[in-house]
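Undergrad: Order-wise, the sequence lines are chains Z, R, W and F.
Residue numbers for the first sequence follow the working numbering, beginning at 1 and rising by one.
Residue numbers for the second sequence follow the working numbering, beginning at 1001 and rising by one.
Residue numbers for the third sequence follow the working numbering, beginning at 2001 and rising by one.
Residue numbers for the fourth sequence follow the working numbering, beginning at 3001 and rising by one.
Read the hints as simulated data drawn from the structure, not as lab findings.
Model, not experiment: these values are computed from the prediction.
Don't take each hint at face value.
To be verified - Label pairs and their in silico Cβ distance ranges:
1) W/2366 <-> F/3051: 14 to 24 Å
2) F/3158 <-> R/1189: 47 to 57 Å
3) R/1189 <-> Z/307: 18 to 28 Å
4) R/1093 <-> W/2091: 34 to 44 Å
5) F/3087 <-> Z/94: 39 to 49 Å
6) W/2091 <-> R/1144: 32 to 42 Å
Stated by the list, open to error - What the simulated footprint calls covered on chain F by chain W, stretch by stretch (three residues with Cβ under 8 Å from a Cβ of chain W suffice, anywhere in the stretch; the number is not a length):
7) 3053 to 3064
8) 3116 to 3130
9) 3140 to 3150
10) 3175 to 3189
11) 3251 to 3257
Where a beta carbon is used, it is the ideal one built from N, C-alpha and C, also for glycine.
Single-letter residue listing:
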Amino acid sequence: MQATLALDLAPIARADRWRPAELAFWLIPVAAYFIFPENLVLLTQIAITALFCLSLDLILGYAGIVSLGHAAFFGLGAYAAGLLAAHGYGDPLIGLAVAAVVTAVLGYVTSFLVLRGADLTRLMVTLGVSMMLYEIANKLTDITGGVDGLQGMEVLPVLGQFEFDLYGKTAYWYAVAVLFVLFWVARKLVHSPFGLSLKGIRLNVGRMPALGAPVNGRLSTVYTIGAAYAGIAGALLAQTTQFVALDVLAFNRSAELLLILVLGGSGSLYGALLGTIVFMSAHHLLSDLNPQYWQFWLGALLVVIVLFARDGVMGGLRGVQRRLDAAFGRTK
Amino acid sequence: MTTYALQTRNLVKKFGGFVATNDVSLNVEAGARHALIGPNGAGKTTLINLLTGFLEPTSGDVILNGEPVTHLAQHQRVKRGLARTFQINRLFADLTVLESVTMAVNERIGIGARFWRPIGAYAEAVDEAAQLLATLRLLDLAHEKTRNLAYGKQRLIEIALALAMKPRVLLLDEPAAGVPTSESRELFETIAALPRDVTILLIEHDMDLVFRFADQISVLVSGALLTGGTPDEIAVNPKVKEVYLGEAISV
Amino acid sequence: MAFRKSVVAIVAALAAIPALAAEPLKVGMVLPMSGPFAAYGKQIENGARLYLKQNNDTLAGRKVELIIKDDTGVAPEISKRAAQELVVKDKVDILAGFGLTPSAFAAAPVSKEAKKPMIVMNAAASAVTTKSDYILRVSHTLPQITAPVAEWAAKNKIRKVYTLVADYGPGQDAEAQFKKTFTAAGGEIVGEVRTPVKNPDFAPFLQKIKDVKPDAVFLFVPPGEQTVAFMKGFAERDLAKAGIRVIATGDLTEEDILDAVGDNALGIVNSLQYSEVHDSPENKAYVQAYYKAYPKDRPNYMSVSGYDGMQLIAKTLEKTGGDASGDKFVAAAKGMSWVSPRGKIAIDAQTRDIVQTIYIRKVEKVAGKLQNVEFDKIADLRDPGKQ
Amino acid sequence: MTVIFDGIASGMLLFLISVGLSVTLGLMNFVNLAHGAFAMLGGYVCVTLLNRAGVPFLASLPVAALATALAGVVLERTLYRRLYAATHLDQVLFSIGLVFMSIAGAHYFFGAQQQPMVLPEFLQGQFNLPGLDIGIYRLFLVVLSLAIAYGLNRLVRGTRFGAQLRAAVDNPRAARGVGINVERIFTLTFALGTALAGLGGALGVEMLGLDPSFPVKYIVYFLIVVAVGGSGNIMGSLVASLILGVVDVAGKYYVPQIGAFVIYAVMVVMLIVRPQGLFGRRAAR
C-alpha cells in the first residue's frame, strides 16, 4: 500500500506557514506609527478592539458560538486590571495576567450555561450574563466607582522601563505587541488539531460525537480561551486609558463587536483585524467630519456593505485576489 | 461459544405514548455482516440512535463487546469501537477530504485537543488519513473541498470518516441512499472489501444489496423484531413476505 | 492628513511658548454630540457659540477657533482619545466641554500632563476638579444643587421625606447629601429606595410611597424619560392629592425636559443655578439672543455653562494679555468673578470650582410655558462636597 | 393586588413593544433588530399628530401603525427582501445599519430631547377598588394587548393567510409550487410586523418616553420577550411578557436592592430550563 501513496501532503502539512501577505500586514502597525504619529491613541484603541474582536472570532468564527454579551469578559478584565492598579499593583503585565485568569474562570463557569440551547438562546444567555455583571458593577459603587468610573489607577511603566506618555507611544507599542503575541498564539491554535476540530464542530456539530469528539468539552475550552482574550483586551484598555467606567460592560460594546466581526468576515483571524480597522477608522473619520449625525453615514455604510459586499472585508479581498489570480493566469 | 459484538437486551424507547422501539433483543455476532431491514416507519433509525447513544432508552440495555454501554455518551461509545455512518450526509462542507479524515483520525488517536503544534506536525495522523483515502481510492480528491464532490463520492467520505475510527463494529445507515446507480457499484465494492474483523450492521432498503451482502438478517416491524436468520431463511419466511407484500420486491 | 513629523517638532510646538496675540486661539471641546446625551452637547455648544458670535469670534483680541469632538456620551476611552488628539494633533490651547463625569475623569490626565486649562461645563461629580490642577468648573457640583433643596425643605415644614434615587453613583451621592443636610436641619427620612437606572416603570415604587405617606418625595433620577415616567406615575396615582410633594434637584426640571414632563411637573420644588425666567437684565438679554440664534431650542443651564465657559476664557485672557498657557491661565482664572445670566458667579481660588447662587424654584406656568420660578436662594454657595 | 395588576400592565407593555418583532423574527425568520426603529417612527408620528396637528390620541394610534407599515413596506420592497436568504449575521449587520441611520435621522428631524405627550382626559388617572388601584391607561393597555394577541393568534392559526404564511416560511419553493404568492405574503407579514411595532411605539411613549436613542435603549427588552416566549409564538410572547412583567414589578416592590437583576436572572433561568423558549418548537435533531 505504501508504494501507491503518491500524494503531495504540502497543503495540509504546511498550512500554517506565514504567507508574504501576512508579513506585509504586520508592517501596517509599524508604518502607521510613522504615518499617523498624532493619532496613536486611536491606533492603540484599534489594536485593543482588534484583540477583543479576535477573541469573539475564536468562539464565533471558529466554534460557531454566537454571543451578545462578550463585553462581560472585556469589562471584567478591565476592572480586574483597573482595581489592581488602583490598589498599588500597577505592573501592566501582572495586570494582564490576572485579568486573563479571572476572565477565564468566569468564561469556564458560564460556558455551561451558554452551551445549552440554540443560537437565539445563546445570544440571550450571554446577554443576560453581561447585563447582570453590568448591574453588579453599577451597584458596587464603593469598589468600582459605579457610573462615575474607577478612580486612582496608577499604572507603572511597562517592564519597569517604558512610562505611559501623553503621545501614547508606549501605550501603542505595548498594545500592538500584546496583540501580535496573542494573534500568534491564536494562529497556532487555529492551525492545530484543536482548531480543526472546532471547525468541524461549526460545520457539522451533529457528526462530531460520531467521530469520538467531546463537543461540549471542546466548546467550553474555546469559550474559556475567548473569555481570557477578551479579558486581556479589557485590561489593555484600562491600562492605556488609565481609567475604567461602566461602559466597558455595556450592551453596546458587545453589539458593536459583533458588528465589527461580521463586517470583517468571521472565521478568519485577519477578518477580525481588518474589520476593526475599517470600522473604527470609518467611525473616527465620520464623527470628526460630522460630530452630530455621523451615525447616519456609518449606518448607510453597513447597509451598503451587506447589500453589495456580503462576505465582509475578507470576502471582498478574496474576491480581488481571485480576480488577480485569474488575470495572471495563476491557478490555486 | 459465539461472541457477540453488539447486543441489545429488551430495549424499549417510548416517545410519550408512542412506542418506537418495543422490547428489542438483537444479537450481532463478531465479524458478521448483519443486515437490519424493515418497512418505512419500522423504527430502524430510532434503533440506530439508541445503539449509538444519540438517544437514551426508556428501559433495556445496549451491550458492546460484552460490556454494557447503555448510559455512555456517543463519543465514549465511539472510543470503544462503535462507529457509524449517516443516512443523510453529515460532512464538513468547507474542509478538504484529507482535512476531514485527518480530523477523524486525530480524534481516534486522542490528539484532537492538542492546540499548540500544527496539524502537519502530527505526521502519523495525516499519513494514516492518506492511507485510508488510498484504500478507498479517493487519493486524487484529497485536497478537494467536500462540498465540491459528486454525491457518490461524498457517500464514500461518510464511510471513510467512520473507518477512521478503526471500528470493531460499524453501523452503516443506508449507505447507498440517494446514490445514482451509475455510482453505486463502486460504493458496494468498497463495502464488500471492508476487512472481515470489522463487524457490520447494515440498514438498507435495497434488497438486492442486502441478500448479496449479508450473512444474517433481522427484520424490524413496528418497533419490534419480527424475526431473524440467514438470508435463505428470511427469503422463505412467510411472515416477512406478508410484511413486504405490496412493496413489490422479488425475493 | 498628517504626514510624518519629527517628534522634536511636535514637542516644540507643544511646549508652552507664550502665544502671540495675533495667533488664533484654539479651543477644543469634548462633548456628547450623538447618543443618549446628545442634548447636552447641543446645549453647551449653543451657549459657547452664542458667546463667540456676540464677540465676533474674538476673545481678548485673539481670534477663536472652536473644534468640537463627539465622545458619544459615556465612553471614557473616546473622551480621552478626543482630548489627547485635540492636544497633540489639533494643538488646542484650551480643553473644554465634558458632559458627563467619566469623560472629565478620563480626560483629566491629558490636561495635567499637557498643562492645558480644562474648563468643565457639565460633569458634576465633586471630585472632578481634584484630578488635575488645570481644571476649572463653570457648571455646578451635585452636592451644590442637592443641599439647598434639602435645607429649604427642612425649613418649610416638610418633616418626613421619602427619598427615591436611581441606583447609580450620582444617585447615591445625591441621596447621601440630601440625607446629611436634611437630617442635620431636623428632618426625618421615612423611607428610601434606589431604583434601577434603566427603569421603564415606577409603579411599584410609587405604590410603596403611597403606602408610607411622607410629606414629600426627594427625587433624583437621570434627567430625561425617567423624570417623565416618574411624574406621570405620580400624577396617575394621585399622590399629590394624598398631600405628597415632589422635591428634586433642578436638572430634572430643566427647560429641555420640562415640556416633555408636561403639566405633571407643576409644583415641583427644586434647586439649581439657572432658570430661563431668572430676573436680571443679563438674563433677559441672554434669553433673547438665544431664541434669536436657536429658535427651536430653549436655553437651559447647560447652555449657560457653555456661555460662561467662553466668558471665563475671555476675562482670563484679558488679564493675562492673551496668554493661554496652562499655569498662567489657571492662576489668572482663580478667584475670577463675573456676572453671568444666572447671576454673579466666581471661581474658587482654592478648589478652582464654581461659587454661585443656588435658587429654590417651583415649576409654574408663565405665559403658557412651563418655567422654574425662583422664590428663594442660597447665595454664593461653595461646593459642599469639598467641605 | 395592586402590585400584581401593575405587573400585568407592565408585562403587557413589554408584549406590545415586542410582538412586532415576534412576527418578523418568528414567522419570517428575519432578525430585524431595526424593530425599535419602526417603533420609534410610530412614536414620532403619534406625538407629532398629537402635538402639532391636534389629532386625538385614539385616532393617531392607527395612523401611527399605518404610517409605520407603509415605511415597512417600502423598505421591504427595496431592501429587506434581498436579505431573506442571507445569514442571520448579515441580517443583524443590515438592520443595525438601519438603526444607526434612524437614530441620526430622528435626531436631525426631531432633536435630541424627550418628546412631550399628554394623554386625553379619559385615559388619565386611576380608579380605586378596595385593595386595588387600577390606572386607566394601564387597563387600556391590558385590554388592547389581549385583543391584539387574540387577533394575531386567530390570524396565524386560523386563517388561510396564516396557513399560507407558515407554508411560505417553511418551504418557499414548495409554497410557490402550489400557487402561493410568496412575495406578497412576505410583504404583508412584514407590513403587519412593522405596523405592530409602530403601534407599540406609539402606545409606549407614555411610559417609556421618546427620544432618538429609543431603538437601542429598549432592544434588550424586545429580545428578552421574544427569546423567552419562543420566537414566532404569539401566545408564548404574551405569557413570557406576563411572567417577566409580574416578576419584575414584584421584585422591585419587595426587594428593590436587586430590582435591576430580576428581569435578566429570570430570563437566564427560563432559558436554561427551556432553551427553546416557553412554547418554542422543539428543534428536531
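Undergrad: Hint by hint, note whether the structure agrees.
TA: Evaluated hints:
no., hint, result
1, W/2366 <-> F/3051: 14 to 24 Å, "holds, 20 Å"
2, F/3158 <-> R/1189: 47 to 57 Å, "holds, 56 Å"
3, R/1189 <-> Z/307: 18 to 28 Å, "violated, 50 Å"
4, R/1093 <-> W/2091: 34 to 44 Å, "violated, 56 Å"
5, F/3087 <-> Z/94: 39 to 49 Å, "holds, 41 Å"
6, W/2091 <-> R/1144: 32 to 42 Å, "violated, 59 Å"
7, 3053 to 3064, "violated (count 0)"
8, 3116 to 3130, "holds (count 6)"
9, 3140 to 3150, "violated (count 0)"
10, 3175 to 3189, "violated (count 0)"
11, 3251 to 3257, "holds (count 4)"
Hint violations for this structure: numbers 3, 4, 6, 7, 9 and 10, all remaining hints satisfied.
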